[in-house]
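Enquirer: This is what each chain is made of:
Protein chains: 2
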Amino acid sequence: MGKKIQVGILGIGTVGSGVLETLLNKDCGVEIKKIADRDTEKIKQYPGISPEIFTTEAHELINDPEINIMAELIGGVNPALDFIKAAIKNKKHIVTANKELIAKHGKELFELAEENNVVILYEAAVCGGIPIIMPLRQSLAANKISQIAGILNGTTNYILTKMEHEGSEFEDVLKEAQALGYAEADPTGDVKGHDAAYKIAILASLAFNKNVDINSVYVEGIDKISPIDIGYANELGYKIKLIGLIRNGESDLLDVRVHPMLVSKEHPVSAIDDVLNAVEIEGEPVSRVMFSGPGAGKFPTASSVVGDIMAIASEIPTTEFPLPVMHFDKNRKDACIKHIKDTVNKYYIRVTTNNEPGVIGDLGIICGKNGINLYSIVQKGLLKDGSARIVLLTESAQEENILKAVDEISQQPATREVNNLIRVMD
Amino acid sequence: MGKKIQVGILGIGTVGSGVLETLLNKDCGVEIKKIADRDTEKIKQYPGISPEIFTTEAHELINDPEINIMAELIGGVNPALDFIKAAIKNKKHIVTANKELIAKHGKELFELAEENNVVILYEAAVCGGIPIIMPLRQSLAANKISQIAGILNGTTNYILTKMEHEGSEFEDVLKEAQALGYAEADPTGDVKGHDAAYKIAILASLAFNKNVDINSVYVEGIDKISPIDIGYANELGYKIKLIGLIRNGESDLLDVRVHPMLVSKEHPVSAIDDVLNAVEIEGEPVSRVMFSGPGAGKFPTASSVVGDIMAIASEIPTTEFPLPVMHFDKNRKDACIKHIKDTVNKYYIRVTTNNEPGVIGDLGIICGKNGINLYSIVQKGLLKDGSARIVLLTESAQEENILKAVDEISQQPATREVNNLIRVMD
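Residue numbers (our numbering), protein chains in the order written: chain A, 150 to 575; chain B, 150 to 575.
Hints were generated in silico from the structure; no laboratory data involved.
Some hints could be false.
[Said to hold, decoys possible] Computed, partial: chain A to chain B, Cβ under 8 Å:
1. 171
2. 173
3. 283
4. 439
5. 441
6. 448
7. 451
8. 531
9. 535
10. 537
[Claimed, not checked] Calculated cross-link-like contacts (lysine-lysine; reagent style PhoX-like; alpha-carbon spacing at most 25 Å):
11. A:311 <-> A:238
12. A:152 <-> B:175
13. A:479 <-> B:293
14. A:447 <-> B:479
C-beta: ideal position from N, C-alpha, C; glycine also.
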């Protein structure tokens, strides 16, 4: 063997330090040539590392001709995008955990990498430590994928699990999660579903070899879920999870979205609780396979980053053009994403009404008029204020029709409030 | 692009026909050059295939210089072993679903492949459609694996699930499974654990880069599991599963075995029922990831076989030495396997005794004398014949000590029978 493959690490925050410790703990067949981070104090935490390989200037790393692979671990779009582009132009392979960057600028970066005959691997960008990108590209490559459904965000899964177990309100559990470090000070990206949207967009691009515009992905967070909904879901045989969903039907339109769902307890994804993530892939010929595990965290994410580094490193000595399977198809088309109002789902609708005769009959009539079959209706006694809480579960219906029905229901004189509308996965 | 990669398919039984149909249904970037099967009738099922590419002579395929990849789908050791060796000598890459062959002759075949600069891929040999071989080699390559625990056989999982749901005896469920085609006419390989042993040996070789002698793997089947045990397990918070287990501790000895276990309902593997398989991998830095799905069957197995074919086909045009990550380490050492009596486990012991004073005290004394701490003891009333059924759950203890204690218990005058001894996984 000749000289070891040289790696540059850009950023030693949480993920970067996990990557560094993993590379120091195990012989991964590579050598750390340079580490760049703006914070000069960080390097002092690693007595095993010579201070000379540390720099505060990213460009020292990007311009080092001996570095074969750059691991970008600073996150966010700026300045990561510029750094990666510069490194690619300098013929460096890229490994990144940056889901936002891949979701927003993947096409541009992949094309640039292709022109420069390098690859970009990003196993860690989707579900942290769970192998999902490589299996989709390799072991499952023979499949025509019909559905991908996953719990792609650990923070929201933790919150929903806590709400379920303790019957607590969303806001209270969120505060607790922030105090424990399971949710960030600004939790918007997680609880509003944007983090999961990046991941489902990346999976959709990959599984269908199309460019998915992140802005066309419908996103709804978990902030409107109440313990009352979780309780009813439980009685009806469901758990509420934030689901990243891709469905590929007969039309050319790809259905890609993130929103809370009632997930049947019979569905394996429903069993994935706390901060864990899971992705279930359905396709022919495989039928259904599921991958589950830690979707984030310093060390699980490092597992995937270092796995990617090793995959490139193992191929560089033998070929000019490594990992053909990870190369980008320059003819990749833009995906047409189905509008949420055109999607077909089952629905959970919770309504508060006055306690008047004929209320349930009216709900039934409105649904029927809009072509919606009801699967079940639950009303159990009256609330303290004399109102009635009614929960409807529908059969499959087009969202546009459901929205019309909900609008009509909310305009009924007896209706006090349509409290929630949640899609259902059996 | 030049000429497509040429594939030869050896055997069109269940898996072979699934592979053929998958290749015909989707553009996988390869061309079927020849199909060999002893049964000339089979080809007539595929009107889309020109009869000229069909042969009853394996050697026509093996000796065809244009074939790049041979998919061996006849199963068993003979004549598959000779066919594969001949094909490797003719510089063909091999894809196989043959677990018995890889478990028994892997080392010999991998060495021969290495000499001839070709690779052998066998994703389908372990857990059918579930990607596990490639993820272990690539995405999880950075990990120091400490444990692999899996449900690796669908037939036994189906039988145990049925026994649990219906409270039926093993023999009755087996007969039913045979009638339904879920168990073979000769079910020995499945119910005695040999099929799972091939798979756990393959996973151990791969995860620890050592040659594992299949004869040194301890194997125990499910034929002694009674619905009584399943009932007690349930009450204690466990399900009984046939588990393939690898543990890698501080010593040089690798602990590799297959036997039934009480698996805690908190453990994700316990939720995998019916014919499904699952593998949980524990290591640093990833912590724990689980893969689950269909472990057998025509189409799921075809998914993995064709995935392997595509992985090789994508690399052949770009390199002389494809898939470095799948190459065999010629310096790979033989694994030293820990003897089952030296393993450390928690145990479930079911004993039937006379209803005499001091019986439970005596059991406690015998366990204590052998250094075994008890975690719980259950005795609920008396059986119809006046005897007492006592269930012990121990803390972790060395198997040698447990066997001594069981021997002493069985020699107590009050003991009618030690009915079962089952290891426990929390």
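Enquirer: Could you tell me which of the hints above the structure violates, numbers in ascending order?
Expert: 2, 8, 9, 10, 11, 12, 13, 14
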